[in-house]
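I would like the entire structure built from these sequences, with the hints used as guidance.
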Amino acid sequence: METGWLTLSPEEWTAVALSLKVASVGTLASLPFGVAIAWLLARREFWGKSLVNGLVHLPLILPPVVTGYLLLLSFGRRGPIGAVLEETFGLVFSFRWTGAALAAAVMGFPLMVRAIRLSMEAVDTRLEAAASTLGARPLIVFLTVTLPLSLPGVLAGMILGFAKAMGEFGATITFVSNIPGETQTLPSAIYSFIQVPGGETGALRLTLVAIAIAFAALIASEVLARRLSSRIEGR
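Residue numbers (the UniProt record's numbering): 1 to 235.
The set of hints was computed from the structure by calculation and includes no laboratory data. Because the structure is a prediction, the values reported are computed rather than measured. Where a beta carbon is used, it is the ideal one built from N, C-alpha and C, also for glycine. Treat the hints with care, as some may be off.
[To be verified] Pairs of lysine to aspartate or glutamate residues, derived as DMTMM-like cross-links and limited to a Cα-Cα distance of at most 25 angstroms, are as follows:
no., residue 1, residue 2
1, 49, 124
2, 21, 182
3, 49, 121
4, 21, 11
5, 21, 86
6, 21, 222
7, 49, 128
[As the list claims (entries may be wrong)] The calculated label-pair distances, taken between Cβ atoms and stated as ranges, are:
no., residue 1, residue 2, range
8, 21, 65, 36 to 42 angstroms
9, 198, 48, 50 to 56 angstroms
10, 14, 92, 35 to 41 angstroms
This is the structure:
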């Protein structure tokens, strides 16, 4: 029994659900590191700062296939990091959805860090200094002053990272391949459709889904950012 051309098949729903899972896990897992690196780059001067900044943004300028290959070398079962993680925690990345989440996190990390860093740099340092003179420790100053005032930027960084993760293809397919039900995300499924005769309809369906998700994420981020800004300004 044929369905309408706008109706997703079970396999297509699986690809959409896996993409949302991979993007969400990758974004949430990388968020604490993104906040920490953004604060370090925004508030501290140290030797090698330019090098750290360059390494953070390296995935933006490297071909995604190169990034995926480096992940495979490092986090594959025979890689120096992947072998240790598998032996110690039983955590496997190569050719698993967890690897897709890792690739998505790495590719979205530069956009996340940049948005959060710019937001933190916009916070008035005099407010942090005032909290310090009242006896607050650096961690308390960060948690009660810097982070709350940077929340719009943190939210923007999360949305950018999520959107990049949803659209990630090159690093993912190089690192974890294109396995239906396991690593076949939305972009990989679209790629598979356009490789076979008559697959244009399926590719179009998934393209419309990708556009809808991207618009929903952008609208949600705009609404939430305005609400957060209003609350912060109202304090």
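Hints, verified against the model:
no.: 1; hint: 49 with 124; result: holds, 22 angstroms
no.: 2; hint: 21 with 182; result: holds, 11 angstroms
no.: 3; hint: 49 with 121; result: holds, 15 angstroms
no.: 4; hint: 21 with 11; result: holds, 15 angstroms
no.: 5; hint: 21 with 86; result: holds, 22 angstroms
no.: 6; hint: 21 with 222; result: holds, 22 angstroms
no.: 7; hint: 49 with 128; result: holds, 22 angstroms
no.: 8; hint: 21 with 65: 36 to 42 angstroms; result: violated, 23 angstroms
no.: 9; hint: 198 with 48: 50 to 56 angstroms; result: holds, 54 angstroms
no.: 10; hint: 14 with 92: 35 to 41 angstroms; result: violated, 20 angstroms
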